[in-house]
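So the protein sequences, as listed, match chains A and B.
Going by this note's numbering, the first sequence opens with residue 43, and the numbers climb by one from there.
Going by this note's numbering, the second sequence opens with residue 43, and the numbers climb by one from there.
Calculated from the structure, these hints are not laboratory results.
Beta carbons: idealized from backbone N, C-alpha and C, even for Gly.
Be a bit skeptical, because a hint or two may be false.
According to the in silico footprint, chain B covers these stretches of chain A (three or more CB under 8 Å from chain B) [to be verified]:
| id | region |
| --- | --- |
| 1 | 58 to 67 |
| 2 | 127 to 141 |
| 3 | 196 to 203 |
Computed cross-link-like contacts, DSBU-like style, restricted to lysine-lysine with a CA-CA straight-line distance of at most 30 Å [as the list claims (entries may be wrong)]:
| id | chain 1 | residue 1 | chain 2 | residue 2 |
| --- | --- | --- | --- | --- |
| 4 | A | Lys-378 | B | Lys-213 |
| 5 | A | Lys-302 | B | Lys-302 |
| 6 | B | Lys-152 | B | Lys-378 |
| 7 | A | Lys-302 | B | Lys-213 |
Number of protein chains: 2
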Amino acid sequence: MRVLLFGCGRVGRSFCELLSRKRNITASASISLVGVATRSRGCIYNPYGIDVDNLLKWEALTGRLDALLHEGGLILNDADEMLEDLDYDVLVECTPSDFELGEPARTIIKKALERGKHVVTANTGAMSLYYDELMEGSLQRGVSLLYEATVLSGTPLFSLVREGLPGCHVKRFEGILNGTCNYILSVMGMGSSFDEAMLEAQRRGLSEQNPWFDIDGLEAAAKTVIVAKSMMSLDIDIKQVSINGIRNVTMQNIEEAKRKGGKLKLVSRIEINSDGLDISVGPEILSLNHPLAYLEGFSIGALLLTDIIGEVCISGSSSGPKETAYSLLRDVLSIKRG
Amino acid sequence: MRVLLFGCGRVGRSFCELLSRKRNITASASISLVGVATRSRGCIYNPYGIDVDNLLKWEALTGRLDALLHEGGLILNDADEMLEDLDYDVLVECTPSDFELGEPARTIIKKALERGKHVVTANTGAMSLYYDELMEGSLQRGVSLLYEATVLSGTPLFSLVREGLPGCHVKRFEGILNGTCNYILSVMGMGSSFDEAMLEAQRRGLSEQNPWFDIDGLEAAAKTVIVAKSMMSLDIDIKQVSINGIRNVTMQNIEEAKRKGGKLKLVSRIEINSDGLDISVGPEILSLNHPLAYLEGFSIGALLLTDIIGEVCISGSSSGPKETAYSLLRDVLSIKRG
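Go ahead and model the full structure; you've got the sequences and the hints to work with.
In structure tokens form, the structure reads like this:
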């Protein structure tokens with residue numbers, strides 16, 4: 043299974059590191075990285091497989107991905123040309139999420155699907171905006187489009203539902219999906235102001251892009267849309283999500299939650315009730331015996347109400363680039379298994 | 043995929059009810075029940091598939107499983123003969139767990155494996171005592187032996203690790219694996235004595251067999267052994283597990299846990315530390331921010347520390363026969379998918 047990696051920021055680099063670290067797994071599954079395509083830091087292709095350790099070493103030294111000249115790989119000038127002309131089995135798409143247009147990921151994914159290539163993506167923006175179009179594209183070509191990395195970072199949610207809950211109908215979903223917001227609310231819970239907590243989150247480097255996409259709930263809403271479409275087959279649009287971020291959360295709000303015996307969390311909620319569909323992202327007070335209430339810091343989680351076995355809760359203690367990269371690898375392994 | 047059900051107590055009956063309720067799933071996966079074998083309530087076999095609704099109706103009326111004469115199925119006298127002579131693809135083994143000898147499940151499973159049949163079992167006793175022998179048998183014949191129902195009831199644990207955490211090394215395991223003990227401790231947490239809580243648990247009908255296997259921690263220990271072998275490849279025996287049950291837990295212990303800001307739970311623990319292997323089942327005070335501390339009543343859960351993505355926690359709100367039966371169905375579907 044020859045992998046072309048498109049985009050090599052923190053998640054892409056973590057993916058390469060994981061390929062190196064878990065060499066026994068990738069070797070036994072015959073997974074090899076044949077290309078890395080970036081738009082500003084060079085492109086490299088080697089049909090026999092790139093030495094990932096060397097790639098990372100030279101990238102660290104030069105900031106470029108095409109510094110591996112001595113390895114005999116092809117150096118290319120155009121990332122899109124690689125996508126369209128070179129040979130690979132699965133595209134791993136890691137470009138930054140755009141929550142307004144979904145580009146360039148949408149176009150990149152479409153091009154790969156049109157060539158009959160499998161696609162694995164971490165792109166929450168593109169998947170939330172173009173889920174139907176992209177899934178349709180994968181179905182038409184009979185290839186896989188997997189997107190575990192778009193929600194819950196490294197913690198398996200879609201694979202849990204696919205393999206662990208077959209035949210179950212998910213009737214309600216609650217999630218803490220944005221690690222940055224959860225971190226900020228946790229720090230505020232220990233007595234810091236919003237601004238202090240925000241600075242602390244930035245120091246921890248968790249917001250690569252515009253942090254307001256996180257803070258204002260848009261990133262969580264995009265994830266909620268993907269869940270609604272993928273797990274609950276709902277035909278909805280992000281415009282239908284009632285979105286409230288945490289920008290205006292005050293110490294008073296945090297204290298009020300404590301007084302009420304709970305914790306303030308940014309909760310994604312999807313519920314079909316007698317009034318119709320309730321799909322929202324917003325601060326909620328979760329009582330301390332709520333399965334998601336104990337999630338602190340960058341941990342994330344989801345609670346599913348199923349028709350067969352009641353509630354199932356899954357959570358993970360971390361949600362950084364390394365964990366997200368693991369979901370990309372899981373999806374590649376899943377395609378390999380068929 | 044033709045299913046032979048061996049044993050039809052509460053889990054077996056729930057399995058039949060699930061086949062009926064989720065007819066769309068079983069039909070699309072071509073799963074049909076061709077036989078039910080019991081040692082005291084009759085046996086029935088129909089190679090074209092048994093009408094499960096009729097089976098359940100007549101079983102409710104007569105207490106017998108061979109009351110479906112008018113359907114034209116074969117009525118047999120001997121459960122073992124069915125296992126050894128009749129045609130089926132997968133055995134679903136649901137006889138009561140025996141924690142000392144693992145019988146009759148061990149022999150039943152072996153016979154099916156020797157005939158090259160896939161096996162799905164809910165038998166914690168047999169799997170904890172004969173895991174190596176039975177897995178070896180399945181490998182030799184190139185068939186599947188799945189046992190999701192033996193631990194965490196309906197909540198997927200082994201499938202989570204298999205499909206959701208490929209390549210991850212589980213470094214530590216903590217679990218609340220026995221729903222009955224968790225229920226008793228929860229009721230005690232609300233002010234009841236052990237005896238009152240025990241009676242309440244029995245009223246709720248959760249202990250089919252000798253309740254002391256639950257109370258004294260043996261059932262949780264058997265589950266812990268299966269986890270240790272299956273998820274952590276440890277070569278251990280139940281005799282190596284340090285087992286303390288909840289028989290002697292007092293109101294004072296519960297109050298002490300509260301004073302210390304935590305909850306008393308029966309915790310299964312597997313950890314490899316500098317002193318070697320620590321594998322135990324016993325009452326522990328979990329602090330309120332422990333991911334398993336919020337589990338109340340019959341809920342169950344597990345916390346895995348992995349080498350790649352840190353901690354992953356999965357839990358379920360219920361652990362009765364219905365949920366256990368769902369794990370059997372999940373395993374059958376998983377074998378069908380291949």
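Against which earlier hints does the structure fall short, listed by number upward? Failing hints, ascending: 2 and 7.
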